[in-house]
Amino acid sequence: MPAGRPAVLRGWGRTSPSPAWLTTPASAEAVAAAITGPAPRGLLARGLGRSYGDAAQNAGGLVLAPFCLAPPSLDVAGRTVTAGGGESVDRLLRLLLPHGLTLPVLPGTRFLTMAGAVAADVHGKNHSGDGSIGRWVRELVLLDGCGELRRLSATEDSDAFWATVGGMGLTGVILSVTVRLLAVVTSRLRVLRRRVGDFDAAVEALGEPNPHRYAVAWLDCLADGPALGRGVVEWADHASPEELPPAERAQPLRYRPRRPPPAPPASTGLLRPQLLRAANAARFRRTPAEQSTLVGFPSYFHQLDALGSWSRLYGPAGLVQYQFLVPDGAERLLRGAVEALRSRAVPPYLVVLKRHGAGTPAPLSFPAPGWSLAIDVPAGAPGLAPVLDHLDEQVAAAGGRIYLAKDSRLRPDVVPAMYPELPRWRTVRDRLDPDRRFRSDLDRRIGLSG
Amino acid sequence: MRDALGRVQRVLLLGGTSEIGLAIVRALDLVPGAEVILAGRDPRMLAAAASTLRRDRPNLRTAVEPFEAAATEEHGALMDRVFARADVDLVLPAFGVLGDQARAEREPAYAVEVLRVNLLGQASVLLEAARRLRAQRHGTLVVLSSIAGVRARRANFVYGASKAGVDALGTGLAAALHGTGVRVLVVRPGFVIGRMTTGMPPAPMSVHPDDVAAAVIRALRRGEEVVWVPPMLRVVAAAFRVAPQVVWRRLPR
Numbered sequence: 001m002p003a004g005r006p007a008v009l010r011g012w013g014r015t016s017p018s019p020a021w022l023t024t025p026a027s028a029e030a031v032a033a034a035i036t037g038p039a040p041r042g043l044l045a046r047g048l049g050r051s052y053g054d055a056a057q058n059a060g061g062l063v064l065a066p067f068c069l070a071p072p073s074l075d076v077a078g079r080t081v082t083a084g085g086g087e088s089v090d091r092l093l094r095l096l097l098p099h100g101l102t103l104p105v106l107p108g109t110r111f112l113t114m115a116g117a118v119a120a121d122v123h124g125k126n127h128s129g130d131g132s133i134g135r136w137v138r139e140l141v142l143l144d145g146c147g148e149l150r151r152l153s154a155t156e157d158s159d160a161f162w163a164t165v166g167g168m169g170l171t172g173v174i175l176s177v178t179v180r181l182l183a184v185v186t187s188r189l190r191v192l193r194r195r196v197g198d199f200d201a202a203v204e205a206l207g208e209p210n211p212h213r214y215a216v217a218w219l220d221c222l223a224d225g226p227a228l229g230r231g232v233v234e235w236a237d238h239a240s241p242e243e244l245p246p247a248e249r250a251q252p253l254r255y256r257p258r259r260p261p262p263a264p265p266a267s268t269g270l271l272r273p274q275l276l277r278a279a280n281a282a283r284f285r286r287t288p289a290e291q292s293t294l295v296g297f298p299s300y301f302h303q304l305d306a307l308g309s310w311s312r313l314y315g316p317a318g319l320v321q322y323q324f325l326v327p328d329g330a331e332r333l334l335r336g337a338v339e340a341l342r343s344r345a346v347p348p349y350l351v352v353l354k355r356h357g358a359g360t361p362a363p364l365s366f367p368a369p370g371w372s373l374a375i376d377v378p379a380g381a382p383g384l385a386p387v388l389d390h391l392d393e394q395v396a397a398a399g400g401r402i403y404l405a406k407d408s409r410l411r412p413d414v415v416p417a418m419y420p421e422l423p424r425w426r427t428v429r430d431r432l433d434p435d436r437r438f439r440s441d442l443d444r445r446i447g448l449s450g
Numbered sequence: 001m002r003d004a005l006g007r008v009q010r011v012l013l014l015g016g017t018s019e020i021g022l023a024i025v026r027a028l029d030l031v032p033g034a035e036v037i038l039a040g041r042d043p044r045m046l047a048a049a050a051s052t053l054r055r056d057r058p059n060l061r062t063a064v065e066p067f068e069a070a071a072t073e074e075h076g077a078l079m080d081r082v083f084a085r086a087d088v089d090l091v092l093p094a095f096g097v098l099g100d101q102a103r104a105e106r107e108p109a110y111a112v113e114v115l116r117v118n119l120l121g122q123a124s125v126l127l128e129a130a131r132r133l134r135a136q137r138h139g140t141l142v143v144l145s146s147i148a149g150v151r152a153r154r155a156n157f158v159y160g161a162s163k164a165g166v167d168a169l170g171t172g173l174a175a176a177l178h179g180t181g182v183r184v185l186v187v188r189p190g191f192v193i194g195r196m197t198t199g200m201p202p203a204p205m206s207v208h209p210d211d212v213a214a215a216v217i218r219a220l221r222r223g224e225e226v227v228w229v230p231p232m233l234r235v236v237a238a239a240f241r242v243a244p245q246v247v248w249r250r251l252p253r
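Protein sequences appear in the order of chains A and B. Residue numbers for the first sequence follow our numbering, so the first one is 1 and each next one is one higher. Residue numbers for the second sequence follow our numbering, so the first one is 1 and each next one is one higher.
It should be emphasised that the hints constitute simulated quantities derived from the structure, not laboratory data. Built from N, CA and C at the ideal position, the CB exists for glycine as well. A hint or two may mislead.
Stated by the list, open to error - Chain A stretches covered by chain B per the calculated footprint, using a threshold of three residues with CB under 8 Å from any CB of chain B:
(1) 16-22
(2) 45-59
(3) 378-386
(4) 434-448
Model the full assembly from the supplied sequences, consistent with the hints where possible.
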């Protein structure tokens with residue numbers, strides 16, 4: 001029996017929990033000992049549990065809780081920071097922003113670890129121009145499946161580097177991440193919002209060439225008929241000091257994100273289609289046709305964090321996030337996916353559309369040129385499984401893929417088509433972890449390791 | 001691994017030609033491309049059962065393993081083989097013989113053979129499976145008990161004894177595995193119309209294998225620990241337990 005305290009682990013979607021032994025290592029030696037010691041079900045490093053499915057769990061095995069072996073080391077002039085794998089983006093931003101620096105890639109939550117961000121090769125609303133986090137990582141320090149320390153970068157053992165970026169923790173434990181930073185002069189963003197009447201209008205708006213750094217569309221897919229997909233398209237840029245109101249210019253880099261409120265008791269299950277439909281409609285009507293506004297850093301990047309453990313609102317059955325990418329030319333699948341769900345009476349509660357540009361060389365990385373749509377649905381919706389199975393096939397046939405960090409129900413058969421570089425990834429994974437010490441429920445379910 | 005929608009990927013059916021067993025497998029929420037392993041005695045019949053399963057689910061993968069309920073010394077090796085390849089999500093021991101009560105009373109050695117299959121074979125399989133599922137910290141064990149195990153009847157008490165034993169193993173394992181991530185479902189059907197009961201007049205509240213299967217799937221989805229098929233049988237069983245012996249021993253069947 002591995003050392004550690006028994007814990008039941010699950011993802012953000014609150015589905016498929018599994019028991020494991022959780023331990024927080026105090027040193028690199030302790031991690032190496034865990035890697036090379038007895039572990040019949042293997043081990044896995046877990047971050048802050050923001051993947052939606054079972055990527056950060058290891059049923060019956062050992063799981064390493066987030067840990068940092070050193071405080072972050074910031075090089076302001078060189079615009080890089082070296083952070084422990086277990087360092088959260090939240091803490092890092094508090095350190096960076098006062099210096100006029102930020103992470104160039106920010107996903108929808110700031111409560112994730114740097115190692116988790118790399119393992120999922122996270123992207124933000126600026127993927128078209130800035131790519132995913134992997135593009136900005138200068139170096140990784142990894143403890144591999146033999147307990148050996150490796151320094152990886154795009155130029156030093158680049159195969160291992162790119163297998164670890166997006167590698168879902170299966171190549172080793174990321175001890176530290178050195179990442180290049182973006183300079184900013186204020187902690188506000190200038191946001192342009194435009195209301196769009198339906199799905200096609202949203203796609204057209206996001207598809208327009210535009211000079212802005214960040215772009216995203218929030219779509220109401222509970223609306224009926226021609227209004228399906230109406231919503232708000234947002235473009236944003238980091239604000240310059242002149243754009244700030246005079247009162248705020250004294251502290252242009254002020255960054256005080258609010259602590260999330262306590263989670264709703266147990267699993268509240270408050271979400272109902274009628275409720276959400278009314279809320280969506282109200283929000284749509286409330287938004288002016290065009291709006292230019294100044295928004296604080298946390299409000300822009302981390303809106304959902306303001307709600308705390310919002311996934312509890314889905315009740316005991318939890319939620320599934322179906323996030324898929326399709327290349328340019330396959331845009332019809334975006335609307336098609338939502339229509340397929342609606343036709344089976346599965347309510348898409350939250351739908352977010354993004355545009356993507358060039359990806360990284362990482363074989364298991366999700367973003368690639370095209371479009372991604374993230375759809376939140378209740379896991380207990382009857383008939384959900386076959387609809388999503390069918391969508392998987394269509395997505396794969398169109399040359400697209402599912403985001404593994406969000407996945408909780410993909411089957412092994414479609415994964416090779418979605419990630420054609422999988423064989424190359426497996427070769428590198430087998431080199432880094434020949435005894436398959438690193439295991440996860442995701443790996444067992446979709447057969448990443450083969 | 002079971003996915004977020006409750007679908008399973010790898011199922012082990014012991015008694016690979018069992019009507020109830022196959023009915024349950026047919027009704028299961030399976031991931032496309034799931035694997036069903038049929039373990040039993042007759043390779044030809046197992047292959048036929050496997051191909052029938054695949055006919056209805058083209059993506060299904062099937063495998064066949066030799067399994068002899070009475071050969072308990074071989075069960076460990078079978079489990080090792082099956083569990084070594086990949087995790088198992090659901091184990092369903094669905095084997096047993098009704099036995100000839102009259103013969104059992106005339107020839108105790110025959111009764112022992114019936115119990116060897118129905119009770120010892122089940123005990124061995126259930127405990128071997130439980131051990132490995134527990135190590136996985138996930139999975140489901142479906143235990144096929146029976147109304148016959150609730151209170152032994154004069155007409156079939158050898159079979160009844162074995163089912164009483166299986167029921168105790170099932171409920172005991174449910175308690176033992178509680179909190180380990182492994183679920184146990186004890187199924188208590190009434191008279192099931194099928195191969196085993198051919199030629200017997202159906203009892204009141206009898207069911208078909210597909211009824212048992214539907215009830216099992218519902219119970220699995222709800223995370224229940226015990227399911228009676230039909231549900232009213234629970235009330236009947238309660239009455240059975242309290243019936244005075246002077247009445248009970250006179251039951252014709």
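Now the hints, each set against the structure:
Here's how the segment 16-22 of chain A fares: 5 of its residues keep a CB closer than 8 Å to some CB of chain B, so the rule of at least three is met and the hint holds. With 3 residues having a Cβ less than 8 Å from any Cβ of chain B, the segment 45-59 of chain A passes the three-residue criterion, so the hint holds. As drawn, the segment 378-386 of chain A meets chain B at 3 residues by the rule of a beta-carbon pair under 8 Å; at three or more, the given contact holds. Residues of the segment 434-448 of chain A with a Cβ under 8 Å from some Cβ of chain B number 3, which satisfies the need for three, so the listed coverage holds.
Consistency note: the structure conflicts with none of the earlier hints.
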